[in-house]
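Line by line, the protein sequences give chains C and U. So for the first sequence, this note's numbering puts the first residue at 1; every next one is plus one. So for the second sequence, this note's numbering puts the first residue at 155; every next one is plus one.
Zero decoy hints are in this set.
For lysine-lysine, the following DSBU-like pairs were computed, each having C-alpha atoms within a straight-line distance of at most 30 Å:
| hint | chain 1 | residue 1 | chain 2 | residue 2 |
| --- | --- | --- | --- | --- |
| 1 | C | 105 | U | 501 |
| 2 | U | 250 | C | 119 |
| 3 | U | 526 | C | 68 |
| 4 | C | 98 | U | 501 |
| 5 | U | 501 | C | 153 |
| 6 | C | 119 | U | 273 |
| 7 | C | 153 | U | 462 |
| 8 | U | 342 | C | 68 |
| 9 | U | 273 | C | 68 |
| 10 | U | 526 | C | 125 |
| 11 | U | 250 | U | 273 |
| 12 | C | 134 | U | 526 |
| 13 | C | 98 | C | 134 |
Think of the hints as simulated: they come from the structure by calculation, not from any bench.
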Amino acid sequence: MTTKTTVRRVLSRVAFVATLAGVAVLVGPAGANKTPVTPQQLQAYDEVFMEQVRNGDLLFHGDDATAKRMGVTLSTTGMACAMCHPFASDTHPQAFPKFQVSMNKFATLRDMINWCIEKPNQGEKIDPDSDAMKALEAYIYWSNTGSVLVPGKY
Amino acid sequence: MSELDRERREMAAKLQRPGARPDPSLRITRRTFIHKSCLLGAATVAETFAWWPLLNTIDVAFAAEEPFKFAWISDTHLYPRSLNTRFVDKTIRAAKEVQAMNPPADFLIFGGDIAQLGKIEELELGAELLKEVKARQVFIPGEHDWYLDMGKKWGQLFGEPHWTFDHKGVRFIGLDTVSRAPDYWTVKNMSPEERMGHMATLDGSVAGPWAGVGRDQLDWLSKTLSTWDKSRPVVIFSHNPLYEYYPPWNFWVRDWREVNDVLKPYANVTNIHGHVHQVLYNEIGTMRSIGMLATSWPWPYAPEGVPKLTKPMIRVDPGDIYDGVGWGNLSMRGDRIENEYIMWGRKEVFVQSGPDSSLSQPEILRSRIADKLYPY
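Excised from the complex, chain U in its bound form (with noise of 0.2 Å):
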């Protein structure tokens, strides 16, 4: 059995205990069984795509004490100008889409990697497109944000990498899960900008485990919840998602096992994350995990570990930079909370039929190479 099976047999007899579902009156409404996706996904794809539960529109039992929007932007990557402008167009297409929301959002979160090498110019670009939202706008980090100067600009320009508020009845936390990663340069001498070449290498080996919440975190988040019944909903922002779905690309964090006992008496608990640039659905526990969009471009699906509960979304154009990217757009009302994928260039998100899926075409990889010899 590999280290990855292991991993997961081990999340799944911890995790799915009987009867632990994210929210007892999560169910299937009129409204998300006529979804089509669902009526043809079910009938082409059952087997090797779950159907359950469409993502569009996820109920969940919410008591917001009025219904409001807000919007979700991450994984912009910047460049600065000079050296690529796609990248701006597309945030700045973003930025001006949340903004003629309407109704309008609440806030907008932006759940990181708002740069690609984590540099002043990039970041301040960042900040500067989006100004363009006029809303309240809350911010975590992403790895490609941190560790250049090890998070110093990041927080003189959005703060503390770790908040929570209370809005309408929902407490929202914002969790910093990239800041923590063990030292891989100091012992090797690295310069910051070696350091950050890493760790901007999603399927690097150098920069190792990187993702995780932290002890001191932990105790954080555990005090910041005690004061909140355990009934009502709570959402937590974080960049990689906090389940173990991929950890050779850091698709996890790797102490989910004690985030999952901080949040185990708290009945309804959303989880909205970045990093994976593409669709995916996870229940695990008492919590349900939803990855995002980015807006710079689509990673594929990992070569194992695909949540069944994820409804795939479309294979993508190569050729269309609007492609499988976009932003999210989340309402709450009354009872639950709905998700819509903003995808560019897409009236169809999730896949209608095998072909459409790059699931459909079965890869066997390997870890890269170059990185594990000298003078790495």
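Looking at chain C on its own, in the form it has when it is part of the complex (with noise of 0.2 Å):
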């Protein structure tokens, strides 16, 4: 081995770490995920959302074909949410959880939607992680935007 082979040697390992180097500096953020937002992504983001709210505001309206689509019975009465809800309003989603005098029990907003389902409506309660669940959770929310947080307020 002489030396000409071996300064050879420890440059071409020196250009292979400065390569990976680069490649890590050029590649590595982009695969960690950390580039800025871009408008479209939020667009992205913001469409799904707004489908949710709006499957939430069909539901909650009494469509009986966005609840058949998504497999729910809310009401056998003729009652929708709106009808004692109109723009959402009286659900208080900034208040939970809290204790819910009705249920007698600390409840969260998806159980106050169960409760409501069931008793007032006569419906069928919804598994709490359905899509028919977080869509309606969804329309109240997003009706109450703006509505200040007051968790456990009677």
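Reassemble the complex: the two chains are provided individually, in unrelated frames, and hints are given to aid placement.
Right under this line is the structure:
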């Protein structure tokens, strides 16, 4: 082994490491998803959310087709959520979780939604993690955008 | 400034003329003053909720020739019996209680929305259930009664949608505030059921500002009143309030300015209305306005625009189908008209403290979105 080859090897190792570092700098952050958010991404996220809000709005207003599509029976009396809660008023999502007198327990908004489905509407309780529940929750929260959080308030 | 703020300021500027009140002799009497809700209410919730004037006993210098009572029932929102028995039960209860009034009611006014979706079956069911009341019955329509067949069946069952009669020195007038909606259905080629569905959605945006009296009916009202002494009592029944409370839910008539122009010369006008399903009191110009309970379900107060003169009703227990609903027992005795809210399951109709009221939970609300998109 000559000195020349040693120098060449060292150089190629340096070049290799430098190349790796270069690749890491260029590719790494993108792979870790750390580029600044783009307007296109924001729009896509918003569309996902608003799609749920629309579904929730339709369910909340007793739209049969949406209920059927999502596999839920929210009422059997002809009552829809919006009949007592126009604009989702008086749902007070900002006050949950709280002690809910009508249930006599500490409850979340999802508990309350299910209580309303079961009692006044005489419908079938839905899975708290179901798409329909998330949609109803999305609509109720969206409708109350701007209301101040007061968890626990009667 | 929001559109609503602007309108409200205009209403105040136009109607609250200096010294204009419904009646110069309206006063706080001993009877109303000792009313428990006034005493407690004034002390605890004075800032948010006006304590005056005391809803249960509204004192008016009424020149009724002899004392008499009448009853108000409205907003039964009946579905066919096979779908919903609760609304049927509550209608029966109201009718039985009206029939049991002692001294009996001289007449029953039904203030609209007897049906939920305007179906023949629903309207006929309502007429049938109210037969329990043997006194004279008069009817005005609600939007739920009208927009399936544009009032055809309602007219067959209950007659003209507006009318007038004099009773013991008081001129009573029934107005139709529902049948003159701007046509939102033809251009979109809606079926009668679709048209009705949008009309039956209180917070929908498709049916638009449907509540109004209309030029033709205003002319009729003007003519009807022209033969009446301007200082003598007039009671006007309407489904919607005759002022602007909250247009997005049609808690108003869109031509309230014109209504006021007609009523202005009359010193003693009381408007009794349904539609809002809640305790409500207001005075605009020389007219006082009283909102009545539904038998079906209560509406929450609108997020803004609740009249300052309203002492709000108690926060309702959603687990009790008889809470927050009922009917109205009205008396005319000597110089006054009194309205007693018969709210089932409640001894105390009015809020006693902040937490008793839904208004103690401030909310900022958005209108709905799904009916603003295709295919609507």
